[in-house]
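Chemist: If you read the protein sequences in the order shown, they are chains A and B.
Per my numbering, the first sequence starts with residue 1, numbered consecutively.
Per my numbering, the second sequence starts with residue 1, numbered consecutively.
Because the hints were derived from the structure by calculation, they are not lab data.
Careful, some of the hints might be misleading.
With a straight-line Cα cutoff of 30 Å, these simulated DSSO-like cross-link-like pairs (lysine-lysine) come out [said to hold, decoys possible]:
no.	chain 1	residue 1	chain 2	residue 2
1	A	Lys67	A	Lys44
2	A	Lys40	B	Lys56
3	A	Lys41	B	Lys36
If you want the building blocks of each chain, they are given just below.
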Amino acid sequence: DTAVSQTPKYLVTQMGNDKSIKCEQNLGHDTMYWYKQDSKKFLKIMFSYNNKELIINETVPNRFSPKSPDKAHLNLHINSLELGDSAVYFCASSHGTGQETQYFGPGTRLLVL
Amino acid sequence: GQQVMQIPQYQHVQEGEDFTTYCNSSTTLSNIQWYKQRPGGHPVFLIQLVKSGEVKKQKRLTFQFGEAKKNSSLHITATQTTDVGTYFCAASGGSGNTGKLIFGQGTTLQVKP
Chain A
1 DTAVSQTPKY
11 LVTQMGNDKS
21 IKCEQNLGHD
31 TMYWYKQDSK
41 KFLKIMFSYN
51 NKELIINETV
61 PNRFSPKSPD
71 KAHLNLHINS
81 LELGDSAVYF
91 CASSHGTGQE
101 TQYFGPGTRL
111 LVL
Chain B
1 GQQVMQIPQY
11 QHVQEGEDFT
21 TYCNSSTTLS
31 NIQWYKQRPG
41 GHPVFLIQLV
51 KSGEVKKQKR
61 LTFQFGEAKK
71 NSSLHITATQ
81 TTDVGTYFCA
91 ASGGSGNTGK
101 LIFGQGTTLQ
111 VKP
């Protein structure tokens with residue numbers, strides 16, 4: 001059974017398009033995260049939700065909008081995609097916040113052309 | 001904001017040689033976690049260190065947390081090709097931290113057979 005799953009795994013799209021990435025965890029965790037990993041492998045947190053409430057909102061363009069319909073799901077919608085948005089996006093979850101071990105999904109590889 | 005510096009960025013070793021990656025913070029940390037990301041994969045939790053001066057071992061891997069809780073290291077004895085990947089430290093606590101994990105830049109290990 002996959003603990004943290006993401007769809008799609010790969011996403012190739014044109015500049016200016018809008019796309020969504022979905023994440024689901026079956027670990028019963030309260031907190032979910034979105035990270036962006038660039039070509040140099042740097043992992044940067046973007047957002048975090050705890051029980052459907054936004055608790056971390058880093059300096060991210062407002063073209064990125066997370067949504068958590070319930071504590072097992074966290075989606076990421078991106079408007080007007082730009083070349084610089086090309087990266088791997090990881091969803092993660094943890095039991096609590098901050099200091100807890102995080103479990104990562106397999107990643108979504110986004111390429112904007 | 002809080003930063004965690006990790007060095008080196010890359011390390012190439014011959015199979016059988018030892019490898020060490022270092023993680024440093026300018027502020028005292030609550031705890032530090034280590035993750036491994038295989039090529040094309042996602043970060044996977046390895047271990048968490050909480051106590052000052054703590055040392056933990058996992059087979060050929062030795063993890064240390066500094067006495068001042070500002071630095072940590074991961075040492076691999078007699079590397080194998082299965083050790084290939086990027087190793088990240090991730091810290092919580094310290095000034096300016098709002099309950100999130102701050103990841104180091106990662107050390108990418110290549111092992112030549």
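Chemist: List in ascending order the numbers of the hints, as given earlier, that are violated by the structure.
Modeler: none
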